[in-house]
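Q: Take a look at the letters that make up each chain.
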Amino acid sequence: MIALYLTLLIPLAATLIFALIGHWKHAGSLNLLVCAATFATSLSCAVDVFNNGALMSPGKLFYVDAFNVYLVLVNALVGLTTAIFSRPYMAHEVEIGRVDDARMRLYHSMYQGFLLTMLVALTTNNLGLLWVAVEGATLATVLLVSLYRTPESIEAGWKYFILCGVGIAQALFGTVLVYFAAERVLPGAEDALLWSVLKDHAAELEPTVLTLAFVFLLVGYGTKIGLVPLHNWLPDAHSEGPTPMSAILSGLLLNIALYAVVRYKMLIEPALGNHLPGYLMIGFGMLSFTVAGILLHRQKDIKRMFSYSSIEHMGLMTLAFGIGGPLATFGGLLHMIVHSLTKSAIFVTVGHAAHVAGTQSIDKIRGLIRTQPSIGWSFLLGVVAIAGFPPFGVFTSEFLLFSATIKGWPLLVIPLLIGLAVAFAGLFRHLQPMVFGEPPAGQVPVKANMLPVLLHLLVVLWLGVAIPDVLSRWLDQATIMVVGRGLL
Amino acid sequence: MTLTQLPLAEQFVLTLAALILFTSFLLLAQSRIVSLIHTFAWQGALLFIATCLMALTSGRHHLFISAFMTLALKVFFIPWQLRRLVVRLDIRREVETVGNASLVMIGGGALVLFSYYVVLPIRELSFLATRNTIAISLAVILIGMLMIITRRKAVAQVIGFMSMENGLFFAAVVATYGMPMVVELGVAFDVLVAAILFGIFFFQLRSGIGSLDVDHLNRLHEVDR
Chain B
-4 MIALYLTLLI
6 PLAATLIFAL
16 IGHWKHAGSL
26 NLLVCAATFA
36 TSLSCAVDVF
46 NNGALMSPGK
56 LFYVDAFNVY
66 LVLVNALVGL
76 TTAIFSRPYM
86 AHEVEIGRVD
96 DARMRLYHSM
106 YQGFLLTMLV
116 ALTTNNLGLL
126 WVAVEGATLA
136 TVLLVSLYRT
146 PESIEAGWKY
156 FILCGVGIAQ
166 ALFGTVLVYF
176 AAERVLPGAE
186 DALLWSVLKD
196 HAAELEPTVL
206 TLAFVFLLVG
216 YGTKIGLVPL
226 HNWLPDAHSE
236 GPTPMSAILS
246 GLLLNIALYA
256 VVRYKMLIEP
266 ALGNHLPGYL
276 MIGFGMLSFT
286 VAGILLHRQK
296 DIKRMFSYSS
306 IEHMGLMTLA
316 FGIGGPLATF
326 GGLLHMIVHS
336 LTKSAIFVTV
346 GHAAHVAGTQ
356 SIDKIRGLIR
366 TQPSIGWSFL
376 LGVVAIAGFP
386 PFGVFTSEFL
396 LFSATIKGWP
406 LLVIPLLIGL
416 AVAFAGLFRH
426 LQPMVFGEPP
436 AGQVPVKANM
446 LPVLLHLLVV
456 LWLGVAIPDV
466 LSRWLDQATI
476 MVVGRGLL
Chain V
11 MTLTQLPLAE
21 QFVLTLAALI
31 LFTSFLLLAQ
41 SRIVSLIHTF
51 AWQGALLFIA
61 TCLMALTSGR
71 HHLFISAFMT
81 LALKVFFIPW
91 QLRRLVVRLD
101 IRREVETVGN
111 ASLVMIGGGA
121 LVLFSYYVVL
131 PIRELSFLAT
141 RNTIAISLAV
151 ILIGMLMIIT
161 RRKAVAQVIG
171 FMSMENGLFF
181 AAVVATYGMP
191 MVVELGVAFD
201 VLVAAILFGI
211 FFFQLRSGIG
221 SLDVDHLNRL
231 HEVDR
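If you read the protein sequences in the order shown, they are chains B and V.
Per our numbering: the first sequence = residues -4 to 483.
Per our numbering: the second sequence = residues 11 to 235.
Chain B extracted, bound-state conformation (with noise of 0.2 Å):
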């Protein structure tokens, strides 16, 4: 219980700390420290969860189990290896003068900010704090998407916390119907917007608010996670804040939107006694992978690439959840973790790729391989890795999800198919030549730490062979409480 009061508070006080003492040398440094720390107290956490099942916080706020569990462990380690990478990386920016010392005390306290914001998303049992909390992700991080102060960046930010706002707005509206129902049940209850206590009364709840609940949720956290057409703000958002951010928006925030819908989809669904939460969230998932994976072809920055490939990758996930049953419930929760960590992967690449080149535009960066070999091999095998080969993760759950495809949905996997080859089309048209193609003369290696990189896609690696038992059983659970229904 203490380590998760520890989770939270660690961030929250290096948040204020950061705030109020500015920026000195050593601030990139202590940020690492800090998320290093929080990752230790996150891992005892585990740990507690590991050996005495769920766990509650005496008043009832805050709730772990075996679905958010690995969450909060994914969030506390990308958070941690991003830190590692900004280091340097911010250091960098610094010093060619795109950010001076008001912005790195802004970017620092942002950072951990963000983090607790994540965190508390996670672990919050009151579904009114979940949605102030991923609301609270969103002012957090909108100054920082304007950091560099381009005009590009203001735009991006500006959109960022318009169309996010307005469509978290939505979550709001179906988080009061919501407890409007729960209010008919457990009249003039505190306690009725409980996670905990909601899931007992399900079956209790009127299903024609739910109905109209579930519908303004969906738009909602469906605006964060970035489903096609409620996906404008993100490759903007990626695009034009600085790298590290782009890792951790794409690595945790999408996921923390998606697990807030796998949520309510868990309450409603049963209530609703049919599969409505379940079909549009097929719609809407089909939607995002397919208009994703043909829009990854027309892109000319790098960032704003991959991030079409996050929204991708959300479809599909959002997809596996809305079609349900043990084996592609178990597909998508995989598919968190490894999407997470790989995408992070390749946007702390692409951060240095950028770097050596001088630029993000993908006509401009070539011949990484022979200008510093680290870069362009990690950048190589991130790519294989995001776009589903063997031997890693992404493959694993992907096939998970085929299969269950094949069995309940069989004419979905022809789409399917399809759109993974394009957007495998997209993603290597344009890596060719960035990894191959002759280097502009003049390039030089920059200073560069792979340790990130090199720990995400060994995990990834390592989960495309095989799943440690820890981590199954927790999944497994998780598809017990999501779906009824166990796969082990």
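Errors might be hidden in some of the hints.
Said to hold, decoys possible - To give a feel for the contact side, a few chain B residues facing chain V, derived at Cβ under 8 Å:
#, residue
1, ASP96
2, ASN121
3, GLY123
4, LEU134
5, LEU138
6, SER141
7, ARG144
8, PHE156
9, ALA164
10, PHE175
11, GLU178
12, VAL180
13, LEU181
Said to hold, decoys possible - In silico contact screen, one side only, chain V against chain B (beta carbon under 7 Å); selected entries:
#, residue
14, ILE132
15, THR186
16, ILE219
17, SER221
Claimed, not checked - Here are the computed distance ranges between Cβ atoms for each label pair:
#, chain 1, residue 1, chain 2, residue 2, range
18, V, GLU104, B, ALA49, 50 to 60 Å
19, V, MET191, B, ARG179, 13 to 23 Å
20, B, PRO368, V, LEU202, 21 to 31 Å
Hints in this document: simulated from the structure, not taken from any laboratory.
Think of the CB as a built atom: it goes at the ideal place given N, C-alpha and C, for glycine as much as any other residue.
Start from chain B and add chain V according to the hints.
A: Using the frame of chain B, we list chain V on its own:
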């Protein structure tokens, strides 16, 4: 049961709901920035009265806390801050012609109809008063959204955003006598931070693109041409 047979307090809440919807339409059509801010403050004031009334009639005194947070934030702080920014950015006299005002108003009317269409089938809402108030709060949210879509000035978009927030708060108050306290506090905190961030963004927009007109935000495209 007709409206006149309802208890007086409920009739009063319905009247307030109608007035809140009316201010939403005013916001939609108002073209002068300062008047826009004032109208927004009035909407907040109506919300404050409605919340106090609900607190009195239901006996749930925690609603008074929410009511006074609304008073402090939506009636005083946000309008005061917006006004100050408008003065500092020297755009007090700017008038924004709302393109195709009559069409926008008809759109707003259609959104009200749509809200009723969505809310009416809910069997649980057999109470005449709640059914109307929930439909109206949904309409206020959607009209706020319409305002964000139709307006080109950043300040007007912010007011649309905040008026959506008003609609959400009204929905929570009339449907469920407010949310649990910890959620209310969290939402109020988010609104406060959002209001401050919007202020910062006005200056960034001014220095970055030289204007608060979002039509100038046209550098990023879905596909690069």
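Q: Taking each numbered hint in turn, which are not upheld by the structure, reported in ascending numerical order?
A: 1, 12, 13, 17 and 20
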